[in-house]
Amino acid sequence: MATDATLPTRPSGAGGARLLEPPNGQERGRLRRDRLIPIVTVLATVVTIAPLIAIIAFVLVKGLPSLNGQLVANAAGNPSAPGALNAIVGSLQMVPMALLLGGGLGLLAGIYLSEFAGSRTRQLFGFLVDVLLGVPSIIAGLLVYSTLVAANGSSAFAGAVALSVVMFPVMMRATEEVLRLVPTSIREASLALGISGWRTVLSIVLRAARAGLLTGTMLAFARGFGETAPLLFTAKGSDALNIGDLSSTMSALPLFVYQYSRLPDRFFVAQAWSAAIILLAIVLAINVAVRARSINTRVE
Amino acid sequence: MVGILGGVMLAFGRALGETIAVTMVIGNIDQVPGSVYEPGQTIASKIATNLGDVTERLELASLIGLGVVLLAVTVLLSALVRLTARRFATVHAY
Amino acid sequence: MTVTEPRPGMAQPVMLAPARAASAIEPELRPLSPNEGLRIDDLNAFYGSFRALRDVTLQVRPRSVTAFIGPSGCGKSTLLRSLNRMHERVPGARVQGKVELDGVDVYGPAINPVRVRRVIGMVFQKPNPFPAMSIYDNVVAGLRLSGTRDRRVLDEAVERGLTRAALWSEVKDKLRQPGTSLSGGQQQRLCIARTIAVEPEVILMDEPCSALDPRATLRIEELITELRTAFTIVIVTHNMQQAARVSDETAFFTMDDDRAGYLVEMAPTTTLFTNPTQPLTEDYVSGRFG
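Chains as they are written, first to last, in the numbering used here: chain A, 1 to 300; chain B, 1 to 94; chain C, 1 to 290.
Derived from the structure by calculation, the hints contain no laboratory data. Positions of the beta carbon are idealized from the N, C-alpha and C atoms, including for glycine. Wrong hints could be hidden among the right ones.
[Unchecked claim] Below, a sample of chain A positions facing chain C; criterion: calculated Cβ distance under 7 Å: (1) Ala189; (2) Ala192; (3) Ser196.
[As the list claims (entries may be wrong)] Computed list of chain A residues with no C-beta within reach of chain B, every gap over 12 Å: (4) Leu7; (5) Thr9; (6) Ser66; (7) Leu132; (8) Leu148; (9) Asn152; (10) Pro230; (11) Pro264.
Between the sequences and the hints, there should be enough to build the whole structure, so can you do that?
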């Protein structure tokens, strides 16, 4: 029990006067800082967004003039009216293939890690995925170059394999995280019904996580769609329109942008800019869609 | 604090490995640049520029060797991120 | 008739004439034969080296409601999970002793745990309908995932299960809506319907009403009283009044000094609450601890 000596002795009714006192030195400093903080954060946001706005603006300004039907409808090999169709079509073949290969494996690995692995394994593989995620994509290309390409020559298939090396950890990490968010109570409910372990995972857990899995797939796809370095020495790029021939070289949108931007002819550089618009539009659209989905689920 | 440090290291790793953006502007001159305004080279840009025209085995081997160095640095960086995250997590158990 | 004095830590099926005159509501429970219902013999449950349950021996009467009561942490949930072999899913967890359903050892070497959980179902404390699935899909989940595909069979099972769970009239027009769109009490009844749909013999309920409001609780309690004509029900609750309202027999557990749970006393519910034989039981039901 506090004695009178330790409790504050102030007259009753002093509270109101204390509220009205002007701010002291320490409070004044804090007020100044509090007013500064919003300014600083707004500035930081502007600095962060500025490159994105600059990129979009530049690409549009430089690329819109040559963004025409010819670009989209003709291949680069077309002697009279070259375009970028070979690149568009190439991306649309290699990236889905890489998604099936790398994304599929990543999905399975993520399921294994989340549902069946012990904690030691999980720690080890967690680290390995971190490493893979951080490995520069040119190394993926180098790896496939020194193995597949050395043996069989450059090919679209090699390009897809190189892309899948990049997409695998993206999908694996996304899968593992999404599955971890499914509450244990769901798994228990399923087991308590007499449903076996793997059936539980397949039909109940994966289904519960399907929204997140779709998001992970979209992210992996966007990642693979925008990668250039892995394709430099695997699929190498090609001016010819290649549909279906996976053992020859094939172009891709980012490859096209890179290669054509370095050509001496101004016309081709302009085409590179236009192709960049298409590439940027696709990748941005996917990323925005992913964001929109996650906002929807949060509102729910 | 953990997250910030980890983020910085991850960004560093990302920048280490960035190939195309760097290759396009760095000039691909094998020199240690005298100032930041002179052309230079990174491992990634060297590989990107030279791998296509490799003719001798030694040249190929050395490019791949460069790749191994880059890979090793990346792996070490990832390991460092993991370790510091764990160290900080146990110190500031929140 | 004799009163068998239970030894501490062990309860035998009690055949007794109550010390006071039997009132009209106090049931005379007929004696159980050894292979009837769920029989638990010297059950010990461990998490690694920690013993959570010590030497539990009791028999659950078929087609009736048995309540497990006792203070928090004394292993009632662990006991429940040992009955449908959910306990062993925890890494390092194991069980010693016997659990027999109608004379068959649930832990027998030839017995498939998945089958056990079919026959001994469980309803959990927090309602857990499958999130990405409609009400219809939730009810038939157990059936569908073991091979039943016939649409008519499934439709009937849905109507039957939901009717028995006293939910049909409320949801029959919105079977395609997600299971999670229902209120808490409705979700729990959905989980009960889902459990009933696979036609178990026993339904284990782990504090099924503790996450629900009083009105929903009452509805579930009414449901439990109806269901016991068709199923053997074991309900863990730390609401004594609920046990008194809903169960035919009650088993009282507590914790010893090593934090292992053990059975103190088991008796017909009214007897346990009005005329318990053990001083610990007396203390608990009169609110002196718990």
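Status of each hint after checking the structure:
no. : hint   : in the structure
1   : Ala189 : 4 Å, holds
2   : Ala192 : 4 Å, holds
3   : Ser196 : 5 Å, holds
4   : Leu7   : 34 Å, holds
5   : Thr9   : 39 Å, holds
6   : Ser66  : 19 Å, holds
7   : Leu132 : 9 Å, violated
8   : Leu148 : 14 Å, holds
9   : Asn152 : 17 Å, holds
10  : Pro230 : 9 Å, violated
11  : Pro264 : 15 Å, holds
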